[in-house]
Structures are given as structure tokens and as C-alpha cells.
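As a plain string of letters, each chain reads:
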Amino acid sequence: MKSSRYIVVVGCGRLGSHLASCLSRDGNSVVVIDRVETTLNDLSPDFSGFRINGDATHMAVLKQAKLKNADLLIATTHEDNVNLMVAQVAKKIFQVPHVLARVFDPRREEVYAQLGIDTVCPTSVAADMFLQAVANGGKRKNGAAS
Amino acid sequence: MKVIIVGSGKTLFFLCRNFTAKGYQVVIINRDKDECVQLSRQLSAMVVCGDGSDTGILKQAGAMGADAILAITPNDQDNLVVCQLASLTFGVPKAIALANDPDNTEIFEKLGVCAFSTTQIVGSLIEQRVSLEQILNLLPVGEGRVNVTEIILGADSPVAGKLLKDIDLSENALIAVVIRDNQPMVPRGGNDLQAGDRVVLITLPENHGPVLKALTGERR
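Protein chains in written order, with the numbering used here: chain X, -15 to 130; chain U, 135 to 354.
Just chain U, same shape as in the assembly (with noise of 0.2 Å):
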């Protein structure tokens, strides 16, 4: 696979120490004469000086014959256009943004670009880290609009014991399924929750916080 990086610093360098790493050829592109220089004595990559949002520089880095393109550099503005450009003008399949602003990611998506935030991931990764411990997995889907969520039901869960109907969730909160000894279900009304259940969640951001607790029985 054929990667081209547009960025600088420590995200670059080790972005791409990884991927040359996995075996994948990697182009990058940075602005800085002594950064390149720097990157291209420490790194197995190609290494072409210049604007990513210039045509004539990712022709020279083979945008042509790319595979992915990632725009990692500090400028919203810049990681949207590098990416447009490619895609327009080069046909590179896969163009990923980085969202430095995370409103920026609907943004970039709606003009047809691939974006992330890692305000976003990383705020995610320690939500669900920090917050509880039988937490297993919080994934955002729908551009972040909705949480779907698994966590393990404890012992002194408030609504172990208690049928579906009777456990009071907040509007726009599904219980969309549960496992009990390896066996999914996706549950009614008349099913009940037990410890030890696995349960995914279907939440949206707002309410995703009370909803755990109404679960867990947990203080955030």
C-alpha cells in the first residue's frame, strides 16, 4: 500500500515509523527544509519539501498512484484542501482529514471528505477508560451522534433483578440487546436484567452519562 502524510511533528514521525514498519510505502510532505531533512534521515520514507495543497507537489510525491492520502497538519483549512485536491484531481480512493476544530468533521464529511478529530477519539477513549470499569466498548456512530455502548451489569447494579419494563430509562435510550452466558438476545418488556448480563446500549451523547448511572448505579 502507498501512503502519502501532509504534516509535521511528533504525529507524523511516528505515524510513519508504524506504517513503514507494516511494510506500506510512505510519502512524506512537509513544508520545513530542516524538518525534511531531519525526517528523511530517521525515516525509511520518501520525503518531498513543499505545500501539500500545491498540485505540483503531489504530483511529485505520486499522488497519481496513492493509495490513501492523511492530512495530519495543524490547519483545518490546509488538511481539507490537500484532501479535495487529491481526490479531484488525482483520484487517490481514500483521503483522510484530521478535524483540528472537532465541529470541523461534520463539516469536512458534508464537502466530501473522510474526517476525524482526535479531540474526539480521545475524548471518547477516556470516557470510557476513566469513567467506569465495566465499560467494555463506546463507539460513536452516526458522526458522533449516537453512542452505542456494552458494559457488564454488576452485582449491586440498581436494575439487576428488574424486568425491562419497570427500569426507568430516559427518553432516546434502547437496551438494544443482551447477552447471558454467551447466548444474545434482544430483549422486551417482559424480559428482566440480571449481574453479570452483557448489555448494549444505544444512547445519545446528551443523556448517555445519566443512562450509565441509571445501570451501574455509579456516581460520575
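Isolated chain X, as found in the complex (with noise of 0.2 Å):
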């Protein structure tokens, strides 16, 4: 049995959308906040949460989201700045106790971390993974069957 928590998820790509749609599958309470309105559109049928349109680099907007009551946020945005800016308000202003950034630049994932910020560096994780193939010969260890 999971226990339900409150996460605020903070861009609404593929990414976001993914992720907010299946923390909302699992029975946890999701809000989703993107600045373009049709991009909420991509969130799947099932998802349950509540969804904002607004910037989140803007204080009314993250008080509207009832940050302070957040289990955990997750900055997705495609920029690497607004994730970076909006994690460090959510863990020292509204004091959130999980906070997870997305960033793209794996040179500044050592600033990131100097801030007390976790992140997840899609670039890193992919390169690892090629790395890990090339070293086995060409064979995905944990791949499909195939």
C-alpha cells in the first residue's frame, strides 16, 4: 500500500506530462503548472490532479500551487534556469522536503549541487547508458528481450 503524497510538478513537456500522469496513476495528489495553456492538454485521461496555467517563476503563481504543503516537486521546465530557480525556492522558501531538478547542461549539475539541489541530467544518464552498451559488446544488460 502506497501512501498518498502531494507533488508539484513544474513543466508540462513529455517529460512533465509523463511523470505528473503516473505519480497521479500511483494515488498521490498532483498539480501540474505550465505557462502554455495546451500543453496541460497533454496530460492523459486518467490524470486526476488539478492543473495551473502561469509562469512558476512568479511567487503568486507557486503560492497557488499551496507549495508549502508539497511532499515533493519536480522541475521539468525546458529551461534550465527556471528549474533551477524554481527548486531552490520550493526547498528554502516553502521549505518542501524533496526536491528533484531536471537540468540539461551536465557542466552545471556541480553548481546545482553547490546550491543543494538533486538533479537528474537526461544528457549524463543517456551517455552512461550508450557508454554501458559500447562496453558490453553492442547488448543492452537490463534491455528487452530483443
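Just so you know, the hints here were simulated from the structure itself, not pulled from any lab data.
There's no promise every hint is true.
To be verified - Below 30 Å or equal to it, Euclidean Cα-Cα: the simulated DSSO-like pairs (lysine-lysine) are: (1) U:LYS193 / X:LYS75; (2) X:LYS76 / U:LYS244; (3) X:LYS75 / U:LYS244; (4) U:LYS244 / X:LYS52; (5) X:LYS52 / X:LYS76.
Unchecked claim - Some but not every residue of chain U turned toward chain X, in silico, with C-beta under 8 Å: (6) SER187; (7) THR189; (8) ASP331.
Since the structure is predicted, the reported quantities are computational estimates derived from the model, not experimental observations.
Glycine is no exception: its CB is placed at the ideal position from the N, C-alpha and C atoms.
Please dock the two separately framed chains into a single complex, following the hints provided.
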């Protein structure tokens, strides 16, 4: 039995909408924020959380999302700086216990770590997987049956 | 003094012109190639084309030896990150960010970055100029949560001739100093106010207007 958590997802692109839909399906209370209203339609039909159309770098929008009550915030917009700012604000101002940010530029990961933000860098992750696959002679270790 | 300015538009242009006129060494970081060409033609400043929140670009702009960095782009997130990078990675002693959203000034300060909001500054200037002629200074302190105002009491002031203890000021307001004939004093309840006195007033923003009105009698 999973406990339900209050999760705020900033950015409703491919990754954000997918994450939000999965987390919502698992029984969490999810709030999704995006600046562009139409992207909020990309959420799966069974998404049962809230959608907020607004710029997450504006304090009023974060307050509207009741960030104070959140257990987890995930920043997945396409801009590293937005993710970094939102993550810091969530952690230091709203005291959100767990904060994750996506960062595209691997060179920035170190700076984020200095600021106390946990990051996921798709570029590094993909590179690691490719390197591993190359080392294994082109076969993926954890891949599907093929 | 060596200053790096990250931004665009007229604010950047005139700010840079001011600084270079004062003899500062200015480096501009701007993302737009065409604007960079224009700026380098019009100003005697070094122009670096690129993203100011990129460590490579900051290094190229000489952030290592800069005395101050100013981030005035229209995006708050970029301004914050530019300043954090500059102070964390390059040890720039003064990093100042523009907060386009006035709510963000407080946030930036909490995240360790000096911030200012043009909205707040212009707003208080307008209040100062427009509302009352007698106001000499309007200075927000404590991140804008306290106003310090200096006013001159006119002959028509409803409090002229009254003792301080008889004046009904609202809560959270204080007449801190009275200057009469160039003599400053910290008044007590038994002191009176007279026309021509210069009064230093401490208020909170929410009761600033009503208190001014009580002292000057003017309608706002």
C-alpha cells in the first residue's frame, strides 16, 4: 500500500506530463504548472490532479499551487534556469522536503549540487547507458528480450 | 572598477553609457548577435555574445576579476542564476539582480542574492513626488516592510500646536525625530509639534497613507 503524497510538477512537456500522469495514477495528489495552457492537455485522460496555467517563476503562481503543503516538487521545464530557481525557492522558501530538478547541461550539475539541489541530467544518464552498451559489445544489459 | 552587465535593451545601453562615462570598465553580456554588434559600435565597452548563465561565457567576460555583476534581463530566473554563478563560481564580490516580479526581491535576498525591483522603486518615487509636496524623503528599509519618511509640517497641518500624546496616530506608526530650527530631538509625549517642523516618521506600508494624512491633513 503506497502512501499518497502531495506532488507539484513544474513544466508539462513530454517528461512532465508523463511523470504527472504516472504519479497521479499511483494515487498521489498531483498539481501540474505550465506557462502554456495547451500543453496541459497532454496529460493522460485519467490524470485526476490540478492544472495551473502560469509562470512558475512568479511567486503568486507557486502560492496558488499550495507549495507549502507539498511533499515533493519536480522541476522539468525546458529551461535550466527556471528549474534551478523553482527548485531553490521550493526548498529554501517553502521548505518542501524533497526537490528534484532536471538539468540539460551536464556542466551545471556541479553548481546545482553546490546549491543543495538534487538533479537528474538526461544527457549524462543517456551517455552512461550508451557507454555501458558499448562496453557490453552493443548489447544492452537491462534491455528487453531483443 | 570593473562591472559586468548581463541584459539588453535601453536600460542596459544607458546604464552602460553612464558607467563608462564615470570611467568604469564595463563588460556587456548579451545573447542577441545583432544587438551585440550595435552595442559594440555605440559604446566603449567590451561586448560578449552569449548566455550569461553559462560559466564559459562568464569566464570569457572576465568574471574572475570583476568587482560587480549586474543582471538586468527580463527573466528573473536568469538574473538569479547569473548572480549565483558569479558569486559561487567566480567569487564576484557584488552580485545584483533585477527582480521583475516585485515578490521576487525578498526571495532573491533569502537565496543570497542582492535584488532590487524597478516596480517598487518607481512606485515609491511616484508616491514621493505626486502625493505630497512636503515629503522630502521616502525610504523603504527592512526589505520594503518599513517606510522612513521625512515631512515638513505646513501651517494648515491639523497637528500643528498639538502635544504628541494628544495626536491620534494609528498603530505601527512613530514620530521618531523632530527637527526644529535645525535642532533635532527625539520627542516624547509631552513635546508639541509646530508648523515648519521637520518630522521623521516611521510607518509600515499599510498605514503609511493614513498617517501622512493625519499629519498633513491632505486628502490622497
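Evaluated hints:
no. : hint               : verdict
1   : U:LYS193 / X:LYS75 : 29 Å, holds
2   : X:LYS76 / U:LYS244 : 8 Å, holds
3   : X:LYS75 / U:LYS244 : 11 Å, holds
4   : U:LYS244 / X:LYS52 : 16 Å, holds
5   : X:LYS52 / X:LYS76  : 11 Å, holds
6   : SER187             : 5 Å, holds
7   : THR189             : 7 Å, holds
8   : ASP331             : 41 Å, violated
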